[in-house]
Amino acid sequence: MKVVTGVVGNDIHVVANRLIDLSLRARGYDVFNLGVNTHLEEFFDAVVETGAEVLMISSLNGEAEGWGREVKLLKARYKTIDDLIMMIGGNLVVGSGNSEEIVARYENYGFDLVCHQVDLNTGLDLLQALLKERNIT
Amino acid sequence: MSLLQEEREIILGNEYVDTFDFAEVTEFVTNASKELFISHHFKKKGKMLVQPRGGFPTYKQQYALYEFFVDANVDVLPLTIDSNTRLNDYATAKKMLRLSEENDMDMLNGYPLISHGYRTTRGMITHFNKPVSLRHGTPDARLLIETAIASGIFEIEGGPITYLLPYSKNFPLDKAFLYWKYVERVCANYSELNEPINRESFGPLTATLVPPSITIVIQLLEMLLSLEEGVKSFSVSFSQQGSMTQDIVTGTVLKKLAKDYAAQIDCADASIHLVYHQWMGAFPTNKDFAEQLINLSTVIASMVGADKIITKTREEATGIPTKEANAKTVADTQYCLRILNGLPNVVDEEEEEILTLEVNAIMEAVFNDPADTLWRKVFNCIKSGIIDVPFSPHIINRNEMITIRDDSKNIRIIERGNVPIPDRCYAYERAQCDLSKDTTGIVNDIIHDIGIMQ
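Chains as they are written, first to last, in UniProt numbering: chain A, 1 to 137; chain B, 1 to 454.
None of these hints come from the bench; they were simulated from the model.
Be careful, since some hints might not be right.
Facing chain B, a subset of chain A residues (Cβ under 8 Å, in silico) [what the hints assert, rightly or not]:
| hint | residue |
| --- | --- |
| 1 | G35 |
| 2 | L73 |
| 3 | L120 |
Cross-link-like lysine-lysine pairs, in silico, DSBU-like; alpha carbons within 30 Å at most [stated by the list, open to error]:
| hint | chain 1 | residue 1 | chain 2 | residue 2 |
| --- | --- | --- | --- | --- |
| 4 | B | K232 | B | K34 |
| 5 | B | K259 | B | K47 |
| 6 | A | K132 | A | K2 |
| 7 | B | K130 | B | K43 |
| 8 | B | K383 | A | K2 |
| 9 | A | K132 | B | K437 |
| 10 | B | K383 | B | K45 |
| 11 | B | K45 | B | K323 |
| 12 | B | K169 | A | K72 |
| 13 | B | K130 | B | K45 |
| 14 | B | K437 | A | K2 |
| 15 | B | K169 | B | K34 |
| 16 | B | K181 | B | K377 |
| 17 | B | K130 | B | K255 |
| 18 | A | K75 | B | K169 |
| 19 | B | K94 | B | K232 |
| 20 | B | K256 | B | K44 |
| 21 | B | K169 | A | K2 |
Here the structure is a predicted model, which is why all the values come from computation and not from measurement.
Even for Gly, the Cβ is constructed at its ideal location relative to N, Cα and C.
Make a model of the complete structure from these sequences and hints.
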C-alpha cells in the first residue's frame, strides 16, 4: 500500500512528520514523504507519480484550514485520483475550536478521515479500519 | 580590485542600503572601543559571560531592552534579527517596521537590521559599549554581516550547516557554503584592524535528540571552514542535552578536539571558546518550573566549563518574552554563577573514549571524501548521510539515524544509518537501550524523550 505524506503549507514543524514516516513504515506501508512546507499541488502530483492509494496530510500550525478549502477544486483537475483515500491530521485550526465542527468542516472539504488532535497510533488504526471497510488492502 | 571587494560592492549596492561608506567603516572598526569585542572579554577570562536572547522591531524597543539588560548586569547583548530579513526579504521587513512604529504593535519577530541601517544602529551599540552578538539563522548573510560589523557588532553567529539544516527545507546547501565563505573572509579581514571578530557556530541544531557525536562533528567542521579563511577567534557551542554526564563529556571532548583539529590545519594561534545554550527543547508552561530548568542549565554550564552561556526565560513556552522576564533571567543567572563555587571535577573516561572514537571516525570519513576542498567534502558527506542530523527538515538530510534516551537520559544512537559510527561504539550505544520494543513503542519513547523537560 502506497502512502504520500507531508506537512501542508509554510509549516516547518518536522518532528511529527518524521514519526508518521517511521510509524507508517513499521505498519508495512510504502511511504513517499514530501516533508515539511509542502503545497497542495505537490501532494496531488506525487500521488499521480507514485500511484499512491492514500494521501495523508498533516498540519501543526493550523494553516490547513486555509488550504483545505481548495482541495476539491484542485483534486477535480486530476483525472485519475477519484478513488484516493484522503486523510488529514494534526492541529487543524489556529487557536481552539469544537472538534465535531472541525471534523465536519474538513469532511466537507473532501477528506475521508479527519484526525484533529488525535494520537498518532489511534489515527493510523482508524486508517487501517477504513481501508478494511472499503476492501482496499 | 580583488574579487572579494567586487562582490562586496555588489552586495552593498543593494537598494535597501543607504550608501555604504567603506573607508568610514574601516576607520570605525580600527578605532572601535575594545569593550565592543567579545574576543577581548574572552581574553580577560574573568568569568562565564552571560548572554540573553532578544530582538524587537523598533529602535526604541531595542534600546529599552538593552537598558533592562544592562541594569541586570548583562555581559553580552544580543541582536536577534527578524525572519523576513533572515530570508533576505528586505522589502517586507521595511514595511513591517513602519507598521510596527506607527501602530505600537509588533509586526516582526526581531530587529530588522538592514531596514534600520548601520548608522542608526551603531549609535545604540556604541552608547551601551558592551559586546553585541548577532543572532539570525540566515543562509545568505552577506549583507547582514557587513551591516552588523559596520554597526559595531563584533560577534557573528551561524554557519552554512548550522543555519541551514535546522531551519530550511530546500535552500541549496552548496550556495550556503559559498555565501558563508564570504562571511568568513570579511570577518577575517576586519579582524586585522583591531581585536578579532568572533565567529560562533550554532551547536543546538534541531535541539531534538541530536547525538553529541553529530553535534561535535558539525562544530569542528564549521570551525575549520572558518579558520581556513583566516578567522582568529571562534566559539564552538552545544545545548543542554538532558543528562549532566553527557553534557560534561561532550564539553570535554569538544574542547579537546577543537584544539587538536585547529592545530592540524596550522591554526593553533586562533583562540577557541566554548558556548553553552540553556535547554533549547520544549519548555514547561509552568513559569516557576521554567526557572528551575534555567537554573539547572546554569549549574551544568559551570560543570562543563563554558566561556559563555546563552539564556532562556520563564516565558519560553508562551512566546516572545517580555524585556522584564528576559532581564530577570540575566540577573538570576549571574546570581547563580556567583554562588556556584567549589565544583567537583567529573570525568567519565569510558564515555569520553567512545565519543572521541565516534567523532574521529566521522571526521576521517569527511576528510577521505575525494572532493578537492573542505566545503565540498562536507557537502558530499551530508548528501550521502555520513553526517545525518535527526529531525532536520532539509531535503538533503538523510534522516536514517534514529536516537532515543537511555535510563540516565543520555541520547543514544540505535540506528546509525550511513553514519560511520565504529562497530564497538555502536554496540555500546545500543547496549544502553531497551531494543526489544517494536516501532510503535520506539515512536512513543521518542515523543516522551523530546518532551522530557515539560
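Now for the hints, and whether the structure bears them out:
1. G35: holds, 6 Å
2. L73: With a minimum Cβ separation of about 25 Å from chain B (threshold 8 Å), the hint on A:L73 is violated.
3. L120: holds, 7 Å
4. B:K232 x B:K34: holds, 16 Å
5. B:K259 x B:K47: holds, 21 Å
6. A:K132 x A:K2: Between A:K132 and A:K2 the Cα gap is close to 15 Å, so the pair holds against 30 Å.
7. B:K130 x B:K43: holds, 15 Å
8. B:K383 x A:K2: holds, 25 Å
9. A:K132 x B:K437: The hint holds at about 26 Å.
10. B:K383 x B:K45: Cα-Cα ~39 Å, so violated.
11. B:K45 x B:K323: Satisfied, since the Cα-Cα distance of roughly 28 Å is no more than 30 Å.
12. B:K169 x A:K72: Status holds; Cα separation ~27 Å.
13. B:K130 x B:K45: Given pair B:K130, B:K45 holds - Cα atoms ~16 Å apart, limit 30 Å.
14. B:K437 x A:K2: Since the Cα atoms of B:K437 and A:K2 sit roughly 25 Å apart, the hinted pair holds (cutoff 30 Å).
15. B:K169 x B:K34: violated, 39 Å
16. B:K181 x B:K377: holds, 15 Å
17. B:K130 x B:K255: This hinted pair holds, its Cα atoms lying about 26 Å apart.
18. A:K75 x B:K169: Holds - the C-alpha atoms of B:K169 and A:K75 are around 25 Å apart, at most 30 Å.
19. B:K94 x B:K232: Distance of about 34 Å is beyond 30 Å: violated.
20. B:K256 x B:K44: Roughly 21 Å between the alpha carbons, so the hint for B:K256 and B:K44 holds.
21. B:K169 x A:K2: Holds: B:K169 and A:K2 sit about 23 Å apart, inside 30 Å.
Violated hints, listed in ascending order, are 2, 10, 15 and 19; each of the other numbered hints is respected by the structure.
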